[in-house]
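*Asks:* Start from chain D and add chains B and C according to the hints.
Listed below, chain by chain, are the residues.
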Amino acid sequence: MSTYEEEHGIQQNSRDTRETRETSQEEQRRQVRSQLQELFQNFGSTGGEGNGHSDSTLLLQLLSQLLPESLQEEWLQEMDNGKNKGCPDTFAASLPRINKKVLKPSDNCSICYTNYLEDKYPLVVELPHCHHKFDLECLSVWLSRSTTCPLCRDDVMGHRVINEIDTTEAELEEDWGMYG
Amino acid sequence: MSKVPRNFRLLEELEKGEKGFGPESCSYGLADSDDITMTKWNGTILGPPHSNHENRIYSLSIECGPNYPDSPPKVTFISKINLPCVNQTTGEVQTDFHTLRDWKRAYTMETLLLDLRKEMATPANKKLRQPKEGETF
Amino acid sequence: MASLPKRIIKETEKLVSDPVPGITAEPHDDNLRYFQVTIEGPEQSPYEDGVFKLELFLPDDYPMEAPKVRFLTKIYHPNIDRLGRICLDVLKTNWSPALQIRTVLLSIQALLASPNPNDPLANDVAEDWIKNEEGAKAKAREWTKLYAKKKPE
Chain D
1 MSTYEEEHGI
11 QQNSRDTRET
21 RETSQEEQRR
31 QVRSQLQELF
41 QNFGSTGGEG
51 NGHSDSTLLL
61 QLLSQLLPES
71 LQEEWLQEMD
81 NGKNKGCPDT
91 FAASLPRINK
101 KVLKPSDNCS
111 ICYTNYLEDK
121 YPLVVELPHC
131 HHKFDLECLS
141 VWLSRSTTCP
151 LCRDDVMGHR
161 VINEIDTTEA
171 ELEEDWGMYG
Chain B
181 MSKVPRNFRL
191 LEELEKGEKG
201 FGPESCSYGL
211 ADSDDITMTK
221 WNGTILGPPH
231 SNHENRIYSL
241 SIECGPNYPD
251 SPPKVTFISK
261 INLPCVNQTT
271 GEVQTDFHTL
281 RDWKRAYTME
291 TLLLDLRKEM
301 ATPANKKLRQ
311 PKEGETF
Chain C
318 MASLPKRIIK
328 ETEKLVSDPV
338 PGITAEPHDD
348 NLRYFQVTIE
358 GPEQSPYEDG
368 VFKLELFLPD
378 DYPMEAPKVR
388 FLTKIYHPNI
398 DRLGRICLDV
408 LKTNWSPALQ
418 IRTVLLSIQA
428 LLASPNPNDP
438 LANDVAEDWI
448 KNEEGAKAKA
458 REWTKLYAKK
468 KPE
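Chains as they are written, first to last, in the numbering used here: chain D, 1 to 180; chain B, 181 to 317; chain C, 318 to 470.
Note that these hints are calculated values from the structure, not bench results. Note that the Cβ used here is the ideal one computed from N, Cα and C, for glycine as well. Any given hint might turn out to be false.
Computed spacing ranges between beta-carbons, pair by pair [to be verified]:
no.: 1; chain 1: D; residue 1: Lys-104; chain 2: B; residue 2: Pro-246; range: 48 to 54 angstroms
no.: 2; chain 1: B; residue 1: Asn-222; chain 2: C; residue 2: His-345; range: 25 to 31 angstroms
no.: 3; chain 1: C; residue 1: Lys-409; chain 2: D; residue 2: Leu-63; range: 24 to 30 angstroms
no.: 4; chain 1: B; residue 1: Thr-275; chain 2: D; residue 2: Asp-107; range: 22 to 28 angstroms
no.: 5; chain 1: D; residue 1: Gln-65; chain 2: B; residue 2: Glu-204; range: 21 to 27 angstroms
no.: 6; chain 1: B; residue 1: Ser-213; chain 2: C; residue 2: Leu-463; range: 15 to 21 angstroms
Chain D on its own, in the form it takes in the complex:
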């Protein structure tokens, strides 16, 4: 059986050749959309600073009237996501490695659940402020999309402990704003 992606690939190709005119129209629409989005997000990020930005504030207001609310919301969310997006690629690799000798047989990575010592040459790293340990490989993937420690939500790029996550599941943390 072919995979979802393969099937998608085939489908995409046949579509491209059969519908070139429509694709180019779609492409144009997408371009207009992305230009609008850029404008909106640029004004949004400068307009909030108050003094001296009255022009962009005005433009932002105009744009806001023109764009559907749902779209604005989505773009704002996208900006937020962009801000929260991962650490620089070099960050995880630069973290201090943990010597095999200090690892206990029961120590495991809370991302993949594997005991570190199952591997003859475990690559374990520690985060600088909270000292939580993970497999380098697992942590790298996570830090490419987030800047928080998986266990305590410490902002690894800064020094801010946001909130402790209780993975013992004994009780739920209600105060990290459960509702999405």
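*Replies:* Coordinates of chains B and C only, in the frame set by chain D:
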């Protein structure tokens, strides 16, 4: 790649349809927003340009059964249309229509609506005499 | 089907061998990333004595991405919409790969115990909840009786 189960796949399609990020030439949504099984859907196709379908909007009903997307949905035109792949008494799209016949799990309701639109625009079909606009099956 | 990551196997084993009180989660035979779930309504809540069915799916990127979860049983709750979709931060922006199926299901159970009408997903229900909390809770109890009745053993 793992298989996304029916319901989560339909939720993805619903979100895409609701946001309207799909192509402008077709749209689709749940027929009953209370239906937790997400079986019945409404679709529309904007008739392709340079054909007898130009500027017409066709309504369809789509039924995603329990085996969707492993099995194709059942599609029925509500608006009357003269097309070889459409049963002229019931409006149902015949199961030998190529997209239904060669159905793949990766296909979506959007795939199907766009393929039907292309079918309307083929050289053999685009000049077919069409019933009066606004009639239904 | 691609092989299942060790973590998912371990989580599944633990869910079966050491289940959470009031919660069951069992993978489907033909898709080990797809679970059928039941959650008992918390005591002292309008959902008390109800058993709610849910479905949970672990996407390819799990645990880097949160599980997808939906109620299959109709429920009257400001943070759960008519299609059973749940508004819960750990399923979206506050997901962490150190969380697990177990913790997610506990969070959902906690959401049943303490609805948050100020951050609604089902707007009409939330409005009802804010304007007329007692009435809304009565309706939630009624729906629990109607749709989430425990099956006789």
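*Asks:* The structure should be examined with respect to each hint, and the outcome stated for every one.
*Replies:* Hint-by-hint comparison with the structure:
1. Separation of Lys-104 of chain D from Pro-246 of chain B is about 49 angstroms and conforms to the stated range, judged on CB atoms against 48 to 54 angstroms.
2. At roughly 30 angstroms, the beta carbons of Asn-222 of chain B and His-345 of chain C sit within the given window of 25 to 31 angstroms.
3. Look at Lys-409 of chain C against Leu-63 of chain D: about 27 angstroms separates their beta carbons, and that is inside 24 to 30 angstroms.
4. With their beta carbons about 58 angstroms apart, Thr-275 of chain B and Asp-107 of chain D fall outside the hinted range of 22 to 28 angstroms.
5. Remark: the range hint 21 to 27 angstroms for Gln-65 of chain D to Glu-204 of chain B is upheld by a beta-carbon distance near 23 angstroms.
6. Checked against the hint of 15 to 21 angstroms, the pair Ser-213 of chain B and Leu-463 of chain C passes, with Cβ atoms roughly 19 angstroms apart.
In the structure shown, a violation is registered for the earlier hint numbered 4 alone.
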